[in-house]
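Kindly produce the complete structure, drawing on both the sequences and the hints.
Residue numbers (this note's numbering), protein chains in the order written: chain A, -3 to 75; chain B, 36 to 313; chain C, 52 to 440; chain D, 24 to 209.
Worth flagging that the hints you see were computed from the coordinates, not collected in a lab.
Treat the hints with care, as some may be off.
Stated by the list, open to error - The following residues of chain D were derived to be distant from chain C, with all beta-carbon distances above 12 Å: (1) Ser102; (2) Thr130; (3) Ser172; (4) Leu193.
To be verified - The list that follows gives simulated cross-link-like pairs (lysine-lysine, DSS-like), each with its CA atoms no further than 27 Å apart: (5) Lys31(A) <-> Lys254(B); (6) Lys282(B) <-> Lys293(B); (7) Lys48(A) <-> Lys45(B); (8) Lys139(D) <-> Lys177(D); (9) Lys273(B) <-> Lys230(B); (10) Lys45(B) <-> Lys255(C); (11) Lys317(C) <-> Lys255(C); (12) Lys48(A) <-> Lys234(B); (13) Lys230(B) <-> Lys48(A); (14) Lys255(B) <-> Lys23(A); (15) Lys317(C) <-> Lys371(C); (16) Lys177(D) <-> Lys153(D); (17) Lys23(A) <-> Lys254(B); (18) Lys45(B) <-> Lys31(A); (19) Lys254(B) <-> Lys45(B); (20) Lys234(B) <-> Lys282(B); (21) Lys89(B) <-> Lys255(C); (22) Lys139(D) <-> Lys114(D); (23) Lys89(B) <-> Lys255(B); (24) Lys255(B) <-> Lys31(A); (25) Lys234(B) <-> Lys273(B); (26) Lys317(C) <-> Lys327(C); (27) Lys89(B) <-> Lys45(B); (28) Lys272(B) <-> Lys293(B); (29) Lys234(B) <-> Lys293(B); (30) Lys19(A) <-> Lys230(B); (31) Lys153(D) <-> Lys139(D); (32) Lys293(B) <-> Lys48(A); (33) Lys282(B) <-> Lys230(B).
From a predicted model like this one, the values you see are computed outputs, not experimental measurements.
Ideal Cβ placement from N, Cα and C applies to all residues, glycine included.
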Amino acid sequence: MYTFCLNPSYCKGCGICIEVCPKSAIKSSGRIDAKGHELPEEQDMTRCTGCKLCEIVCPDFAIAIASEESTEEVPNEEK
Amino acid sequence: MSTSAHPMLKYLKTQAPTGPRLPLILCPGCGAGQVLNYTLHAVDRILEEDNWPKEHFVFISGVGCSSRLTSHYLQFDSGWTLHGRSLAIATGALLANPRLKIIVFTGDGDAAAIGGNHFIHACRRNLNMTIICINNGLYGMTGGQVAPTTELGETTPTTPHGNVEDPFDLCRLAETAGAPYVARWTTAHPRQAIKTITKGIRKNGTAFIEILSQCPVHKKTAPVELFRRLREITVSKKDTDAIAAGKIPLGEFCNLDKSDWIARYQQIIENARSPEAD
Amino acid sequence: MPISGSKHLIQPGNYYLQGAQACAEGAMLAGCRVYAGYPITPATEIMEHFARRLPQLDGRAIQMEDEIASASVLLGASWAGTKAMTATSSPGFSLMQEVISFAIMTETPLVIVDVQRPGPGQGYITTSQEDVMQARWGHHGEGSIIALSPASVQDMFDLTIEAFNLAERWRTPVLIMAEETVAHMREPLVIPPHAEITVVDRVKPQDQGIAPQDYLPYGHGEVPPMAIWGEGYNINHVSLVHYEDGTVTRYNARTHFENVSRIHQKIENHIDEITKVDARFIDDCRHLLICYGSVSRTGVEAVLEARERYGLNIGFIRLKTLWPFAEARLRALVPEVETIFVPEMNLGMMIHPITEALRDRCSNIISIPSLGCLHTPDQILARIREELT
Amino acid sequence: MPVNDRYEIRIAGFGGQGVVTIGKILGTAFSVFAGINSVNTQSYGPESRGGACRSEVVVSQGEINYPYVRHADVLIALSQVALDTYLADLKESGILMLDPGSVQTVTDADHFRIIKVPVAALAHETGGLKFQNIVALGALHAVIADLISEDALKDAIQATVPPDTLAPNLAAFDKGKQYINHHLKR
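This is the structure in structure tokens:
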């Protein structure tokens, strides 16, 4: 089981992640954020195979696909 | 909502003393961010597998949208330099310290127009650098003007009546000029791009990798639409019929073994410093 | 800082060399290990000397595709921790203005020699001082520049070492405004014991105990310590208006002013430390001759003759540093005089800052121009006598 | 030579005649091997061969300010054009050395001390035309031997020419010097 983690302050709503997902696990949220971007959201993450294509193609480093045993953490923020 | 973050953020300066540096300055759906993502995946793999010190990696760029990738985002040594001159600057860095692993981000205007002369000579000289050219077929930063890679007939702000010039094939140019490693992919080919960039960085000598990219803003088209189009207009280099019909070939065009500038010059240094020399 | 001992460095002793060779040998003693250039008369001899000698010192010389590329090489080499230089002549110097501007903003130490030839256009291949204003004002944007003016083969050696020291000390590009005359002439050259030669190296953040995570590439004081590529400081060189930490976003006018004025003032606030002026026969002189470069050789000969043969009480000043302009130094030296003569191998260029500095000391400041050749002493003398008798 | 007195030598001809090399050898001889200050300058056309070419050496026991010839003490003219161009700067009763094979016309000849040396012909006798400059240098030394020793000049030749051409160069020097001593001196 995988989790679709979106950083809404990085995402610009280009939709490429939705386009590349081979399983249609994510979809557009239909909501416009404060900067005018239409952000994606999960549709059905039970379909997700963890291929991470959405994470790789994201132009804004806004997506992380976490597996349940994921140890990935928030990056070190510079002082 | 999970707190997991993109794995490549470990290579980016998300935060600086004067405030946050991300999100990237690029427009929504810009392919340059994707190329950065692919490149960092390649570097990540190399750091994991090759035992190269991270501090030896240096990213250099010129001016233009693609060059914004080194404008203070990277947790690496980097230089955001002069329009067209990044390859000459990379040359200087390698003359000073040949152990550096130089990755140059450039665009089609930066590499082929204002930097065209430096580009062909960098390919000819064969210093150990990886040139990643993000080709969106126009000048994005200044408003979508015609570039040396713009298709014949296209209208742009500076070709309002249509472009009368034929575009450069940058890979053929690089190969003819002598670069030992030349390849092309698009932003819509992420896994192939990562594999090729990894190979390019590992290549001893000048590696030229062209990534065809999308500019949704100046093409006035949705990113996803352009992303699909990149798949449609390109084919494998092996599909000669489709290429003859006008499709753009993708893949590795050459991968030659030849000694690089530093290795050849090292012989001169050793001769000059040998006890037999004056 | 002691010079790293190498049997391949020019050894102390007496030599008879061309100015071009003295310049290259001085650079190598100062630590220059990368040279990039493009052939152009009358500067080519410098490059040919480097190409022959640098491999012996484990350095690298390269012929680039043009002067823009040559100057660009210096940026990369300097950032990677090596002192680097190029030499060109006037048409090539025009092409290098882009890099000079960029190096000022990115605070990159490098040295550019302009062996001046006459212009405009291709002009000719003889001697000239027609680029002295371009040296200061040729680059786009604000930013002070350091430019030196050698007059002898010994100067070509000494001032090249000085140029590297100034570049490293102030983290800035330094120009050597040579002329065909001094680049091609041969003269005795004395190489002092290496221990007597001062060599300055840039301050790195490591030297000040600054850790990578605390490092501000454009901070920590008037002249920021400079991190070297490959040493783990993740330095990003930027020429867009930036904050101390290199951030370029969130533009505002105050940051812009602070950024550029610091870069300008780090030079302008230290003019006395940077500049050199030679003066002779200044006490109680009634007239004065001010010049620079090889013209100062003719100038002093004309002054000696004017004093000895014609009894004219005329003093002599030579500017060894053209930029920053040594205005305060000049004002401290120069008394009220009746006439100031300024011979130059152009149609009157440095006469402008000289006039600006001394207009209350003298109301009759006269240009003695020459194009394409060094004035003869007789030419200068004739103009002096025409004015004063 | 008194302090601050300048002795000025100008050599002029076509490019390729070795004009620049004699200037360099003379300067090196004076400054490196005889300890006398000198400045050597040169000018040449953009063509490497065949253009007008000039080399000068100014010698002084004191400081040399103006680096070029003001009033030449010696003019070695290896072509008619060189003579016509530079004769005006030669001092009254200055030394004018010329090859009668290439310089035929001298105006105001009685104002100067003219020394005719068939440098080209003598060079052919020693090893070829390329040694004509050193023949001229040897001949010059016979005339200015009071200013500098033969050893200093020969040391300077050795320091300047490629090692494998040293022997013919020294022979050419001797040839020029002997010609003067045999033919023109009592």
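Hints and how they fare:
In this structure Ser102(D) is separated from chain C by more than 12 Å, as the shortest Cβ-Cβ distance comes to about 21 Å. Non-interface status of Thr130(D) relative to chain C is upheld: no Cβ of that chain comes within 12 Å, the nearest being about 23 Å off. Under the 12 Å C-beta cut-off, the non-interface status given to Ser172(D) relative to chain C holds; the minimum distance is some 16 Å. For Leu193(D), the requirement that its beta carbon stay farther than 12 Å from each beta carbon of chain C is met, with the minimum near 20 Å.
Our distance criterion of 27 Å between C-alpha atoms is met by Lys31(A) and Lys254(B), whose separation comes to about 21 Å. For a cut-off of 27 Å, the pair hint linking Lys282(B) to Lys293(B) is broken: about 31 Å separates their Cα positions. The hinted pair formed by Lys48(A) and Lys45(B) meets the criterion: a straight-line CA distance of about 17 Å does not exceed 27 Å. The suggested pairing of Lys139(D) with Lys177(D) holds, with an alpha-carbon distance near 23 Å, which does not exceed 27 Å.
For the suggested pair Lys273(B) and Lys230(B), the alpha carbons sit about 18 Å apart, so the restraint of at most 27 Å is met. With a CA separation close to 26 Å, the supplied pair Lys45(B) and Lys255(C) stays within the 27 Å bound. Proximity of Lys317(C) to Lys255(C) is assessed by CA-CA distance (about 17 Å); at most 27 Å being required, the pair is judged to hold. In summary, the hint linking Lys48(A) to Lys234(B) is supported, as the alpha carbons are separated by about 21 Å, within the 27 Å threshold.
For the hint pairing Lys230(B) with Lys48(A), the CA-to-CA distance comes to about 16 Å; that is within 27 Å, so the pair holds. Our distance criterion of 27 Å between C-alpha atoms is met by Lys255(B) and Lys23(A), whose separation comes to about 23 Å. A threshold of 27 Å between alpha carbons decides the hint, and for Lys317(C) with Lys371(C) the separation of about 20 Å falls inside it, so the pair holds. A hinted pair counts as satisfied when its Cα atoms are at most 27 Å apart, and Lys177(D) with Lys153(D) qualifies at roughly 17 Å.
Pair hint Lys23(A) plus Lys254(B) holds up; C-alpha atoms about 24 Å apart against a cutoff of 27 Å. For a cut-off of 27 Å, the pair hint linking Lys45(B) to Lys31(A) stands: about 25 Å separates their Cα positions. In summary, the hint linking Lys254(B) to Lys45(B) is not supported, as the alpha carbons are separated by about 32 Å, beyond the 27 Å threshold. Between Lys234(B) and Lys282(B), the direct Cα distance comes to roughly 25 Å. Compliance with the 27 Å bound is thereby established for this hinted pair.
Restraint check for Lys89(B) and Lys255(C): satisfied, since their Cα atoms lie roughly 20 Å apart, inside the 27 Å limit. Pair hint Lys139(D) plus Lys114(D) holds up; C-alpha atoms about 18 Å apart against a cutoff of 27 Å. Straight-line distance between C-alpha atoms of Lys89(B) and Lys255(B) comes to about 39 Å, which puts the hinted pair past the 27 Å bound. Note on Lys255(B) and Lys31(A): the hinted pairing holds, with a Cα-Cα distance of about 19 Å set against a maximum of 27 Å.
Our distance criterion of 27 Å between C-alpha atoms is met by Lys234(B) and Lys273(B), whose separation comes to about 20 Å. For a cut-off of 27 Å, the pair hint linking Lys317(C) to Lys327(C) stands: about 17 Å separates their Cα positions. This hinted pair checks out: Lys89(B) and Lys45(B) have alpha carbons roughly 12 Å apart, not beyond 27 Å. Proposed proximity of Lys272(B) and Lys293(B) is supported: the alpha carbons are some 23 Å apart, at most 27 Å.
In summary, the hint linking Lys234(B) to Lys293(B) is supported, as the alpha carbons are separated by about 16 Å, within the 27 Å threshold. Note on Lys19(A) and Lys230(B): the hinted pairing holds, with a Cα-Cα distance of about 23 Å set against a maximum of 27 Å. Under the criterion of a C-alpha separation no larger than 27 Å, the hint pairing Lys153(D) with Lys139(D) is consistent with the structure, at around 19 Å. Pair hint Lys293(B) plus Lys48(A) does not hold up; C-alpha atoms about 37 Å apart against a cutoff of 27 Å.
For the suggested pair Lys282(B) and Lys230(B), the alpha carbons sit about 22 Å apart, so the restraint of at most 27 Å is met.
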